[in-house]
Amino acid sequence: MNAARENILARVRAALRVTAPPPAAPTGQPVFPPVADPVARFTQELTAVKGELVASLPEFLNSFRLIASSVDLVPGNASVREAELGVTGCECLIAQTGSVVVSTRTSGGRAMAVWPPAHLVIARREQVVPDLAAALALLQHRYAGHWPSQLSWVTGPSRTSDIEKTLVLGAHGPKRLAVYFDA
Amino acid sequence: MRVALFIPCFVDQFFPQVGVAMVNVLRRLKIEPEFPADQTCCGQPAFNTGFWDEARPLAQRYCEIFAGYDAVVSPSGSCTAMVRHFYPLLGVAPPATYEFTEFLVKHLGVTDVGAAFPAKVTYHDACHALRELGLKDEPRQLLRHVRGLELIEMAQAETCCGFGGTFAVKFPFISTAMADLKVTKIRETGAEYVVSTDSSCLMQLDGYLRRQKIPIQTLHLAEVLAAQ
Amino acid sequence: MNLPEQQFRRDAAVKAGDLNHRATIQRNIGLYHAAVARGKTRFADWNEGRARLAQVKWDAINHLDRYLEQFARNVLANGGHVHWAETGDQAAQIILGLARRRGVRKIVKAKSMTTEEIHLVPALAAAGIQAVETDLGEYICQLRGEPPYHIVTPVMHLSRQDVSRTFQEKLGAPPTDSAEELTMIARRQLRQDFLTADMGVTGANFAVAETGQIALTENEGNIRLTFSLPRIHVAVVGIEKLVPRVADLALFWPMLAHSGTGQAITGTCSLVGGPRRDGEPDGPEEFHVVLLDNGRTRLLADVAQRDALHCIRCGACLNACPVYRTIGGHAYHTTYMGPIGCVITPHLRGRDDWAHLPYASSLCGACAEVCPVNIPVHRHLLQNRRNTAGGWQRLAFKFWAWTVQDPLRYRWAGKFLRCAGPFAKLWTDTREWPAAPAQSFRDWWQKQNPHPNPLPYTARERGLKKISSPPSLGGEDQGEGESRSS
Numbered sequence: 001m002n003a004a005r006e007n008i009l010a011r012v013r014a015a016l017r018v019t020a021p022p023p024a025a026p027t028g029q030p031v032f033p034p035v036a037d038p039v040a041r042f043t044q045e046l047t048a049v050k051g052e053l054v055a056s057l058p059e060f061l062n063s064f065r066l067i068a069s070s071v072d073l074v075p076g077n078a079s080v081r082e083a084e085l086g087v088t089g090c091e092c093l094i095a096q097t098g099s100v101v102v103s104t105r106t107s108g109g110r111a112m113a114v115w116p117p118a119h120l121v122i123a124r125r126e127q128v129v130p131d132l133a134a135a136l137a138l139l140q141h142r143y144a145g146h147w148p149s150q151l152s153w154v155t156g157p158s159r160t161s162d163i164e165k166t167l168v169l170g171a172h173g174p175k176r177l178a179v180y181f182d183a
Numbered sequence: 001m002r003v004a005l006f007i008p009c010f011v012d013q014f015f016p017q018v019g020v021a022m023v024n025v026l027r028r029l030k031i032e033p034e035f036p037a038d039q040t041c042c043g044q045p046a047f048n049t050g051f052w053d054e055a056r057p058l059a060q061r062y063c064e065i066f067a068g069y070d071a072v073v074s075p076s077g078s079c080t081a082m083v084r085h086f087y088p089l090l091g092v093a094p095p096a097t098y099e100f101t102e103f104l105v106k107h108l109g110v111t112d113v114g115a116a117f118p119a120k121v122t123y124h125d126a127c128h129a130l131r132e133l134g135l136k137d138e139p140r141q142l143l144r145h146v147r148g149l150e151l152i153e154m155a156q157a158e159t160c161c162g163f164g165g166t167f168a169v170k171f172p173f174i175s176t177a178m179a180d181l182k183v184t185k186i187r188e189t190g191a192e193y194v195v196s197t198d199s200s201c202l203m204q205l206d207g208y209l210r211r212q213k214i215p216i217q218t219l220h221l222a223e224v225l226a227a228q
Numbered sequence: 001m002n003l004p005e006q007q008f009r010r011d012a013a014v015k016a017g018d019l020n021h022r023a024t025i026q027r028n029i030g031l032y033h034a035a036v037a038r039g040k041t042r043f044a045d046w047n048e049g050r051a052r053l054a055q056v057k058w059d060a061i062n063h064l065d066r067y068l069e070q071f072a073r074n075v076l077a078n079g080g081h082v083h084w085a086e087t088g089d090q091a092a093q094i095i096l097g098l099a100r101r102r103g104v105r106k107i108v109k110a111k112s113m114t115t116e117e118i119h120l121v122p123a124l125a126a127a128g129i130q131a132v133e134t135d136l137g138e139y140i141c142q143l144r145g146e147p148p149y150h151i152v153t154p155v156m157h158l159s160r161q162d163v164s165r166t167f168q169e170k171l172g173a174p175p176t177d178s179a180e181e182l183t184m185i186a187r188r189q190l191r192q193d194f195l196t197a198d199m200g201v202t203g204a205n206f207a208v209a210e211t212g213q214i215a216l217t218e219n220e221g222n223i224r225l226t227f228s229l230p231r232i233h234v235a236v237v238g239i240e241k242l243v244p245r246v247a248d249l250a251l252f253w254p255m256l257a258h259s260g261t262g263q264a265i266t267g268t269c270s271l272v273g274g275p276r277r278d279g280e281p282d283g284p285e286e287f288h289v290v291l292l293d294n295g296r297t298r299l300l301a302d303v304a305q306r307d308a309l310h311c312i313r314c315g316a317c318l319n320a321c322p323v324y325r326t327i328g329g330h331a332y333h334t335t336y337m338g339p340i341g342c343v344i345t346p347h348l349r350g351r352d353d354w355a356h357l358p359y360a361s362s363l364c365g366a367c368a369e370v371c372p373v374n375i376p377v378h379r380h381l382l383q384n385r386r387n388t389a390g391g392w393q394r395l396a397f398k399f400w401a402w403t404v405q406d407p408l409r410y411r412w413a414g415k416f417l418r419c420a421g422p423f424a425k426l427w428t429d430t431r432e433w434p435a436a437p438a439q440s441f442r443d444w445w446q447k448q449n450p451h452p453n454p455l456p457y458t459a460r461e462r463g464l465k466k467i468s469s470p471p472s473l474g475g476e477d478q479g480e481g482e483s484r485s486s
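Sequences listed follow chains A, B and C, in order. Numbered per the numbering used here, the first sequence finishes at 183, counting up by one with no gaps. Numbered per the numbering used here, the second sequence finishes at 228, counting up by one with no gaps. Numbered per the numbering used here, the third sequence finishes at 486, counting up by one with no gaps.
Careful: at least some of the hints might be erroneous.
[Claimed, not checked] Heads up, simulated BS3-like pairs for lysine-lysine below, C-alpha to C-alpha not over 25 Å straight-line:
1) A:Lys50 with C:Lys40
2) A:Lys175 with A:Lys50
3) A:Lys50 with A:Lys165
4) C:Lys170 with C:Lys106
5) A:Lys165 with C:Lys40
6) C:Lys15 with C:Lys398
7) C:Lys15 with A:Lys165
8) B:Lys120 with B:Lys136
9) C:Lys170 with A:Lys165
10) B:Lys106 with B:Lys30
11) C:Lys15 with B:Lys170
12) A:Lys175 with A:Lys165
13) C:Lys40 with B:Lys170
14) C:Lys415 with C:Lys447
15) B:Lys213 with C:Lys425
16) C:Lys40 with B:Lys136
17) B:Lys170 with C:Lys425
18) B:Lys185 with C:Lys170
19) B:Lys185 with A:Lys165
20) B:Lys30 with C:Lys170
21) B:Lys170 with C:Lys415
22) B:Lys213 with B:Lys185
Hints in this document: simulated from the structure, not taken from any laboratory.
Use the sequences and the hints to build the structure in full.
Written out as structure tokens, the structure reads:
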């Protein structure tokens, strides 16, 4: 496909001989208000998107028989395919949106965090960052040049409103998304 | 202050009472406007249809006719937007032109013109007045000071009425459906009158209302302000 | 009238008169607007966000060669493959060839307008390769044999009952009135497909030049399954999807989500940068990016309209457009519908065949008002019209312009027009023509005598110096100006 590449790039370069006028410059004012108390804000946002904050880990785990796990804290007894619950770590958590960032490195690969019908994240409060910008900066610092092959920003359980705009949880991914702060 | 009237072609020909009302209100405010009788059309129909070269001489003519005035005032958001925002696209720098309610509220600082019109009224935000000229509050401020007038907001006041110039006859079935939806929202308010800053919108709505035999009347904001 | 225009007029007319359709659309769009209104409170300065996104996209598009090359280099460095497709057909053939060489029998597919654009699924089907749509709305469309209705919500036009009937018919599922149960039916069925597919095909919302990653957003989770389970992942990416840096996503993601659905952020935002790495327990063995031109470089070359390529496909302009709300998505008969679709389709697919689309607008400007990247969509519609305006209409407007340049001719034209009602069938079919007033405004003015000494009316009479060439902003041909002797 080298000819196609050269043709496309040639057309792009020819088009760009003239630069379009730039848009009006941004003012530099913050787009989002500052995040006051990240952990409290995270909890609030997580709950708003129907995620769960786990108070008692043993109690939570009690309702699951088959568990796939990538963290030492929770021993697994099942494969990803058959698990009712996938237990993983995370890269960080984001207060602004109540999101959890999972990756192939922290979450046992790609499927463990998404295939089982429930997903539990074991995290530490110090992993909470205020906003998306902070999360991306952190990850870039951690992984520049050697990123995990996949990361996902997960905000609440999987959902769809495709049918009559009615919210249904657990479309293809987990129906339950829970976070337990181990520290 | 030398103020000239720019009376759009369809107001001149079909809704002269709107121009008359505007003149009466201005005189009440001790402004004696002039009317350069050579004026015809701002060129918007040609421009909107894509014929910029055909519109340009009309734009140039507008500038010549209205040269030398402190302000040109027009009872049409859409023609004002054409002059102010689109003449520069034709390479023509226009004289200062204002839509009527904009002139009253923003230029003269007047919101009470001593009008009285006891009736239930709803207001339609004409697209150019709203989005090109940024007029949302100003017409409402004027209406709120009209004695006896009860202003009831309709749902989706900002949704286009479906006129759109030649769109109304190029895609009449879409245009009419848009009018129908708008009229539904108007009826839901229980208002006796629907008021706007643009006679083009009012022509569209009025045409549909009367065809459907719905007893709601259309009025230009200038006509309401002229009432006493 | 060409075929696309005939189809458009026919189908738009049907939908415009369909009150059930209108009620469904009004309901869905009402919910959307309520969600967006609630979500607006998250922003300290929404317009600042728009200005920043506009600037990032301007940088990306106006340096697209550099960013494309950087992106491609990084994909390769991550162990992925890059293919370049000049046309939609080429892109489909690349994927087909790959599928054949790798013995692919079944493909699972995530929602992607780009894959619609290249007609991938029919091309695969013709070669005997099954491609299953996994996004719930797209899955329903596929079962029904219909194209998607809207960029973001493919089955906006269907009720629960419609969907249940489709599932009964095509899957043998029991009838149900519950959206939840319908979703579970699809989930169970599609899990089988995820497990048995050889290849997963996605689009991409953004392509990050700095890292060679693609960004994918979703709510359902099917995209993650699509790029996690099958052994090959293929992403079809329009070249305009490039953004320079990973950090840019911190603003693109929330603003795309807000404009698309009113959410703070879409349910899952993923960054994929290659096949599984050493040490990773799962993931595809191969990762392929197909970079697609298919007319985008034509739009790029049109400097005045280049920023139409800044579009991040949020769908907000569709939801804002009173025409879209009246006629729905299918009537356009294009991949990209609504206001932005009317702008780009003539460039992507041919100016003449699609010249009618930019005219199917009242130019209300609601689209530009909501666009999160500040594309002046309604201005583009005017440009599109200018690009194709001609033929007999030009003569008509020349005649019209000649008429209205002279006050006397204008007056006669006005008198004529006031009587034209019964002949203006396109108006009077559905609306009353305005009643002809007894006199025009200028008649009234001339009869009036507000002062003892009548004011001079014309510039000539005022003795003002004639400007032979009115002040101009340059850059535009002046044409012939009026030059009367003073």
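inquiry  = Given the hinted pair lysine 15 of chain C and lysine 165 of chain A, is their Cα-Cα distance within 25 Å?
reply    = Holds, at roughly 21 Å.
ask   = Within 25 Å, alpha carbon to alpha carbon, are lysine 50 of chain A and lysine 40 of chain C?
value = Answer holds: lysine 50 of chain A to lysine 40 of chain C is near 20 Å, not above 25 Å.
request  = Sort out whether lysine 170 of chain B lies within 25 Å of lysine 15 of chain C, counting only the CA atoms.
outcome  = 17 Å, holds
ask   = Given the hint that lysine 170 of chain B pairs with lysine 415 of chain C, does the C-alpha gap stay at or below 25 Å?
value = Given that 25 Å is the threshold and the Cα spacing comes to 23 Å, the pair holds.
query = Does the alpha-carbon distance linking lysine 30 of chain B and lysine 170 of chain C stay inside the 25 Å limit?
reply = Cα-Cα ~75 Å, so violated.
Proposed proximity, lysine 447 of chain C with lysine 415 of chain C (alpha carbon, max 25 Å) = Given that 25 Å is the threshold and the Cα spacing comes to 18 Å, the pair holds.
task = Sort out whether lysine 398 of chain C lies within 25 Å of lysine 15 of chain C, counting only the CA atoms.
result = 35 Å, violated
ask   = Are lysine 40 of chain C and lysine 170 of chain B close enough, with their CA atoms no more than 25 Å apart?
value = Violated: lysine 40 of chain C and lysine 170 of chain B sit about 37 Å apart, past 25 Å.
query = When you check the alpha-carbon spacing of lysine 175 of chain A and lysine 165 of chain A, does it fall within 25 Å?
reply = 18 Å, holds
inquiry  = Hinted pair, alpha-carbon criterion (25 Å max): lysine 213 of chain B, lysine 185 of chain B. Please report holds or violated.
reply    = 16 Å, holds
message = lysine 185 of chain B and lysine 165 of chain A were given as a pair; does the straight-line alpha-carbon distance stay at or below 25 Å?
response = 23 Å, holds
inquiry  = lysine 170 of chain C and lysine 165 of chain A were given as a pair; does the straight-line alpha-carbon distance stay at or below 25 Å?
reply    = 23 Å, holds
Hints 6, 13, 18 and 20, counting from the list given before, are not met by this structure.
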